[in-house]
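Participant: Following the hints, complete the assembly by docking chain Z onto the known chain G.
Number of protein chains: 2
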Amino acid sequence: MSKLNQQAIPTLKARRLGIDTHHETVAYMRADCHVCRAEGFSALNRIRINSPENSIIATINVVHGELLEPGEIGLSEASWQRLDVNSGDSLEVSHARPLESFSFVRAKIFGGDFTADRLREVMSDITAGRYSDVHLSSFVTACTSASLNSEEIIALTDAMVGVGDRLQWDYPIVVDKHCVGGLPGNRTTPIVVAIVAAAGLVMPKTSSRAITSPAGTADTMEVLAPVDLTLEQMRNVVDQQGGCIVWGGAVSLSPADDILIRVERALELDSEAQLIASVLSKKIAAGSSHVLIDIPIGPTAKVRDQASAIRLSSSLNLVGEALDIKVQTIFTDGHQPIGYGIGPSLEARDVLNVLQNKKAGSSMLRDRALDLAGAILDMANPQAAGMGRERAKQILESGQAWKKFQAICEAQGGMREPRLAKYTHEVVSGVIGHVEHINNRYLSRLAKLAGAPADKAAGIEMHVRIGKRVETGEPLFTIHAESRGELGYAMEFLAAHPGLMIVEEEQL
Amino acid sequence: MSKLNQQAIPTLKARRLGIDTHHETVAYMRADCHVCRAEGFSALNRIRINSPENSIIATINVVHGELLEPGEIGLSEASWQRLDVNSGDSLEVSHARPLESFSFVRAKIFGGDFTADRLREVMSDITAGRYSDVHLSSFVTACTSASLNSEEIIALTDAMVGVGDRLQWDYPIVVDKHCVGGLPGNRTTPIVVAIVAAAGLVMPKTSSRAITSPAGTADTMEVLAPVDLTLEQMRNVVDQQGGCIVWGGAVSLSPADDILIRVERALELDSEAQLIASVLSKKIAAGSSHVLIDIPIGPTAKVRDQASAIRLSSSLNLVGEALDIKVQTIFTDGHQPIGYGIGPSLEARDVLNVLQNKKAGSSMLRDRALDLAGAILDMANPQAAGMGRERAKQILESGQAWKKFQAICEAQGGMREPRLAKYTHEVVSGVIGHVEHINNRYLSRLAKLAGAPADKAAGIEMHVRIGKRVETGEPLFTIHAESRGELGYAMEFLAAHPGLMIVEEEQL
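Protein chains in written order, with my numbering: chain G, 63 to 570; chain Z, 63 to 570.
Note that these hints are calculated values from the structure, not bench results. Treat the hints with care, since some could be wrong.
Where chains are identical, the list cannot tell them apart; a pair therefore holds if satisfied intra-copy or between any two copies.
Below 25 Å or equal to it, Euclidean Cα-Cα: the simulated DMTMM-like pairs (lysine to aspartate or glutamate) are [to be verified]:
(1) Lys484 to Asp94
(2) Lys484 to Glu154
(3) Lys421 to Glu488
(4) Lys388 to Asp220
(5) Lys421 to Asp301
(6) Lys421 to Glu479
(7) Lys455 to Glu566
Looking at chain G on its own, in the form it has when it is part of the complex (with noise of 0.2 Å):
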């Protein structure tokens, strides 16, 4: 019988290879290093690092000539940044056990059911890094195929809340609320935030970045005050002005969601359970006592139809009572952008017009934010309930909302104002008639390949709504990019794609 021996764990110098792979931590070694050989790597391999303070695990790319010294492992932004050594730092290198928490995944995409159990352990495993970015995909396929049930999904959230901090108010009643998407310029939040904390309740709005969409609230508000705070930042912010609008991410609650999004966006791939789990994971981490959910129904909007909204107002109610936050849903009108502008600095530049009071403010913008205003209003006092609109309105014309406004944006690090795009496009109308069909999909879509969200002045500027009667070559709408590259790319896609929006020709 053959004696094992046991001795130390190789070890190779940490390199920083400066290479940004988003989350998935990877690391690079040398095909030829004898830590390499002597453990029998191959690429898309995973590996445990262990440096004195932390571990991960890491995939393997082989790395061929001369880009990493012998005795040297290169590692990816996200290795670097999970690991947090120094260069030259001697790091332990070994084999990765199997990643117990898949095989719960397996077992779903064969038929199976999630339990509470496993879903912990894989929102788990996510938040610490250890799913590939193939992993991840694999999970979120298979959750949207096989789709969950409503114990998967309430045990998903809870999950979700439960790998991250949780706020603590003290105070009776928190508000929230949340809007489902798919309606491009539907940027109500930071009005109706302004107008809630003016009312005196507390409502520290925690946003997303967009998953597939030209912009989400975090990336609008952005172009107007800083949004990366702390948790600490966060409170301070709140118990100032009562409320806030902040990316979530940043005060990591519900990381894993923030994990999960990345690989949704790569696939364009946003399931019912996952909205769901994202959203109220978001709320209960961020210890809101009452959320209204804004669900906009429209042919070409996230949800089409009155029975498909109706459905997804069941389970979020089933799963906000399962978790003890109260729910609120209202349907709205989801036919055609609210604001002006698609995209964040555009977007912003709608919020002002319409917080200031401002002739060029849309109106659709305005009627929608005080709608939800007044519901969330109306949730909070339940003895003054229909009365909710109306103090909204009153807000709003004041100039208290704008007040407000101003002051939490001071208090996130101080108020900055929208910059414009350096290069546009203008489309004009080649008939005399009347606006028939805008396309939100498409509209995001063209957005989105001008540049936004991550190019913050590029994107979309409407000029006209439906049923609009327009002359021949009176605009449209106008493309805003920051490169010549993405408005090219952008007017290639308009080319291809005429029904974006039709305009019937008058019969003379």
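Facilitator: Same frame as chain G, but now just chain Z:
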């Protein structure tokens, strides 16, 4: 109305970074480079890269720091090989158009069906390297989770044949075999090919490497002779010897399958649909007219019961009929390893012992090989049905099979000897009793953790079978490994999984 300046597409100088990302095409770009800024790229985005000759879609990894010079674009090995350029060549870089065929995958995820046209587009994009690992993972998961109906499996198989090479033979009958796996150490193929070719039939065998097992036939055969043959070389071997055993990937038969297999391996996921499409696409592309499919059944084999085997068999027959290839299935005992070895070199040693009619040869492996060879001889000659096995036995015992096998190895590039591993560890029985149970899945996992199939000599050498009576201290099996790290990791797994082999203690 603004005017758009049509300018030249920006170019960057090609730099080979030597990073092996496997099939995924990755491009590394400086965060501060003018193209990156102008085009607004960020991590996980996909871009199009054009050389004068070729065009690829690649995933962007943004690089901070000094890894790349200004004006350079770094390329992973897969990108470098597909573009086929030289260092410093100018490459055009532009946005990648949306991957249209992935919308078909998305439709499948949401409950739709694939049409034949859609699957052809998906397979064509996969073969062209347009799917990132994230997309591939989603496709593989969707096919498993949403499952494919018969028409989809037929269409998938046909599409996989369509995107690769297809062999034509000038023989009326071309036979082939396949084992659906799940059974470690089941290495009958080299023996069967030798017998069948010695009997005068044509058997151009293309085999796969391991997906989730410790060794594929190609891995094992590679121990004995080169298997990376070109189409032309393979044809020469078959014309000379009537048979060959080569790696299917090297001849680009069903190349999409080889790309999918890497992701299936990372996920340890292979579905029935993908199994059928994988097997039959290879066989059809290889120009086979008759194929025998061995389905081992056992509680820890891939197919666990008779009912599943019958369902799989009927699906295989259905697809075979639709695509004009004669399929016959044979159900075999899948309760325990067939040979003594698990892992490429150890299995190769078993093969040689049987072919050389040595006493040390496994009688189970010998019997299984004769059953299969006999069934193939019967299939090819229905007039003499039932006589096949006797004929196979006579060819093996007379040494004709061994002579034929040597000739095939020589024709493939030269025969070589299996090599033993550097490190071994013998596991002995702690009690007097009978071997009650062997868990094939754990056994496979143990062999993989020891380094198989990447390390040819790594694996498990079995000393007992189910039912064997053992004394205290009698050897049960030996772990073979090429590195201390891997041997240690295998032993750790063994300590945590005592159910791998159960010896029922005798009552005194």
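Participant: Check the structure against each numbered hint from earlier and tell me which ones fail, lowest number first.
Facilitator: Of the numbered hints, 5 and 7 do not hold.
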